[in-house]
Amino acid sequence: MPERRTNSGVLVIGLGRFGSALAITLEKSGREVLAVERNPELIEQWSGRLPLVEADATNPESLEQLGASEFPVAVVGVGTSLEASVLITGNLVDLGMPEIWAKAISAEHGRILRRIGAHHVVYPEHDAGQRVAHMVSGRMLDFIEMEDGFTIVKMRPPKETWGFTLAESDIHKKYGITVIGVKPPGEPFEYSTEHTRINRDDILIVSGNTELLERFAQRP
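Position 7 of the sequence shown, counting from 1, maps to 51 under my numbering, and the rest follow consecutively.
For the record, the hints were derived by calculation from the structure and aren't laboratory data. Quick caveat, the model's predicted, so the values are computed rather than measured. Glycine is no exception: its CB is placed at the ideal position from the N, C-alpha and C atoms. Treat each hint with caution, since some may be false.
In the EDC-like style, the derived pairs of lysine to aspartate or glutamate whose C-alpha atoms are separated by at most 16 Å in a straight line are [as the list claims (entries may be wrong)]:
| hint | residue 1 | residue 2 |
| --- | --- | --- |
| 1 | Lys-227 | Asp-246 |
| 2 | Lys-203 | Glu-189 |
| 3 | Lys-218 | Glu-204 |
| 4 | Lys-218 | Glu-258 |
| 5 | Lys-203 | Glu-152 |
| 6 | Lys-218 | Glu-238 |
| 7 | Lys-198 | Glu-212 |
| 8 | Lys-198 | Glu-143 |
| 9 | Lys-218 | Glu-234 |
| 10 | Lys-227 | Glu-255 |
| 11 | Lys-203 | Asp-246 |
| 12 | Lys-217 | Glu-204 |
| 13 | Lys-217 | Glu-143 |
| 14 | Lys-198 | Asp-245 |
| 15 | Lys-198 | Glu-238 |
| 16 | Lys-217 | Asp-246 |
| 17 | Lys-218 | Asp-246 |
The following label-pair restraints were derived from C-beta to C-beta distances [what the hints assert, rightly or not]:
| hint | residue 1 | residue 2 | range |
| --- | --- | --- | --- |
| 18 | Ser-91 | Asp-138 | 46 to 56 Å |
| 19 | Ser-113 | Glu-204 | 18 to 28 Å |
| 20 | Gly-140 | Ile-224 | 21 to 31 Å |
| 21 | Asp-100 | Ile-224 | 40 to 50 Å |
| 22 | Asp-214 | Gly-161 | 44 to 54 Å |
| 23 | Gly-60 | Asp-245 | 35 to 45 Å |
| 24 | Pro-264 | Ile-196 | 43 to 53 Å |
| 25 | Ile-196 | Glu-105 | 15 to 25 Å |
| 26 | Glu-204 | Arg-75 | 41 to 51 Å |
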C-alpha cells in the first residue's frame, strides 16, 4: 500500500513516452508522484527510478486499493488503447478525483473523455506537430498557443530591430504584437519597457495574435 500523499501529489497512470516524461519532469520539479503501470516490461524499466505501483487501473478496485482518491490530480497517460483510456478515466471520475488530465490520440477520443468527465484533455502528438511547424517556419524558438488566437513565442529578433529601443522600432504599432521581455546572452531575463534596446543575439518573448506573430517572425 503506497504512503499517504500530500495535497501536491500527482497520480500518473501509464508509463509510455508521454506518461514517463511527465512523471520524470514532475519528480524533478519537486512534486510527489506515484506511477501506475501494468506492463511488466515498463515496470522493469522504471522500477527504482520512479515511485511505482504495479496495478491494472481499468479495475476500479485496484485504484481504490492504491489510494487513488487521496491524490488531488490524476493523469491518464494511456492513449493507444481507447478502451483502457476510457475505463481508467471513468474509474477516476467515479472516485471523485478533483482534477483529471487525460491523453487523447484523436478528436473523437478527446470528445469521449470529456463526456465521461475528464477535466482536461491533451493531444501530445498533435500539439507537438503544430508547435514544431511554427518553429521551423521562421525565427521562433518556442511556441505556446493559448486561446482565441493568442500566442506567446520565444524568438530571435528580426534584423530591423537590432540596435533600437522598443520605442524607436515601434514594434507594437507596426506589427500589432507586444514584446513582453528580452533575454540578452549570459544575462537574466528582463521585462521590457519602451527604453529596452534589442540586439542581434537577444532572445525575445513576444505575445499577440498567432497570424501577426507569424508575419513578424518571417521578417528578415
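For this session: Starting from the range 44 to 54 Å, see whether the pair Asp-214 and Gly-161 falls in it by beta-carbon distance.
Result: holds, 49 Å
Problem set entry | Pair hint Lys-198 and Glu-143, alpha-carbon separation not exceeding 16 Å | Status violated; Cα separation ~30 Å.
For this session: For the pair supplied as a hint, Lys-198 and Glu-212, confirm whether the alpha-carbon distance does not exceed 16 Å.
Result: violated, 21 Å
For this session: Given the hint that Lys-218 pairs with Glu-234, test it: the Cα-Cα distance must not exceed 16 Å.
Result: violated, 22 Å
For this session: Decide if the proposed pair is consistent with the structure: Lys-217 and Glu-143, CA atoms, cutoff 16 Å inclusive.
Result: With Cα atoms ~41 Å apart, Lys-217 and Glu-143 exceed 16 Å; violated.
Exercise. Should the hint that Ser-113 and Glu-204 are 18 to 28 Å apart at their CB atoms be regarded as holding?
Worked result: violated, 57 Å
Problem set entry | Whether the CB-CB distance between Gly-60 and Asp-245 falls inside 35 to 45 Å | About 39 Å separates the Cβ atoms of Gly-60 and Asp-245, which means 35 to 45 Å holds.
For this session: Mind checking the hinted window 43 to 53 Å against the Cβ distance between Pro-264 and Ile-196?
Result: The hint (43 to 53 Å, Cβ to Cβ) is violated, given that Pro-264 and Ile-196 are roughly 23 Å apart.
Exercise. Within a Cα-Cα threshold of 16 Å, do Lys-218 and Glu-238 meet the stated pairing?
Worked result: Cα-Cα ~14 Å, so holds.
Exercise. Going straight from one Cα to the other, do Lys-203 and Glu-152 come out at no more than 16 Å?
Worked result: The hint is violated at about 44 Å.
Exercise. Range hint 46 to 56 Å: satisfied by the CB atoms of Ser-91 and Asp-138?
Worked result: violated, 29 Å
For this session: Starting from Lys-217, check that the Cα of Asp-246 is at most 16 Å away, please.
Result: violated, 21 Å
Checked against the numbered hints above, the structure breaks hints 2, 5, 7, 8, 9, 10, 13, 15, 16, 17, 18, 19, 20, 24, 25 and satisfies the rest.
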